[in-house]
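Participant: Keeping the supplied structure of chain A fixed, place chain B upon it in accordance with the hints.
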Amino acid sequence: QQPVQSPQAVILREGEDAVINCSSSKALYSVHWYRQKHGEAPVFLMILLKGGEQKGHDKISASFNEKKQQSSLYLTASQLSYSGTYFCGTEGRNFNKFYFGSGTKLNVKP
Amino acid sequence: EPEVTQTPSHQVTQMGQEVILRCVPISNHLYFYWYRQILGQKVEFLVSFYNNEISEKSEIFDDQFSVERPDGSNFTLKIRSTKLEDSAMYFCASSLRTTTGYTFGSGTRLTVV
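So the protein lines, in turn, are chains A and B.
The numbering used here puts the first residue of the first sequence at 4, with every later residue one more than the last.
The numbering used here puts the first residue of the second sequence at 10, with every later residue one more than the last.
Simulated from the structure, these hints should not be mistaken for lab results.
No residue lacks a Cβ here, since even glycine has one placed at the ideal position from N, Cα and C.
A portion of the hints provided could be inaccurate.
[Said to hold, decoys possible] Where chain A lies over chain B, by a calculated footprint (3+ residues, C-beta under 8 Å):
(1) 51-58
(2) 106-116
[To be verified] Here are the simulated EDC-like cross-link-like pairs (lysine to aspartate or glutamate), alpha carbons at most 20 Å apart as the crow flies:
(3) B:Lys51 - A:Glu43
(4) A:Lys100 - B:Asp71
(5) A:Lys100 - B:Glu62
(6) A:Lys70 - A:Glu56
(7) A:Lys70 - A:Glu94
(8) A:Lys62 - A:Glu17
(9) A:Lys100 - B:Glu53
Chain A on its own, in the form it takes in the complex:
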């Protein structure tokens, strides 16, 4: 039930790009993405509800491949403020049961 994220950790220089993947062994009806900074609560980034859907704001975007039960988060031209742990969260048919992935720790260095 719990989605699997990869990679577990990424180190980037400012301006570099990163891709974080999230996959599930079960059918997905939605995928959420959150960012959590150390000692803080997770902050909602975006939700994807339909297969094939792509969303984005600023330089952070995501895609959802329903057939492959996968989602990817794309961070382009990374900034120092992007540092944190990124979690995907997935819901099956029952939207009330929601599971977070194991997290990807992103460290953007100057």
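Facilitator: Here is chain B on its own, set in the frame of chain A:
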């Protein structure tokens, strides 16, 4: 911007004691959740709550846990007899619909000694 408020921010309790963690969700939200995060680990689903009843609960949410919405604004998580392994950050979250993202509170750090 509307916030989810949690109190206390940190609670230390003796093993075996009961604790109540409190949350005030965003006022027009309809779905409420409790999650916990053991230090350095993933965020774990505990329970979801809608229309004054539990919608779903995880395997972690056993008989020692209960949730209540005692009035129109508060949402509480009670742990009846705390164990050392209950030490974690507990997050409350709320959402307007099942198709919108969750807004998390800043958490209650529970330390069981």
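Participant: Broken hints, numbered, in rising order?
Facilitator: Every hint satisfied by this model.
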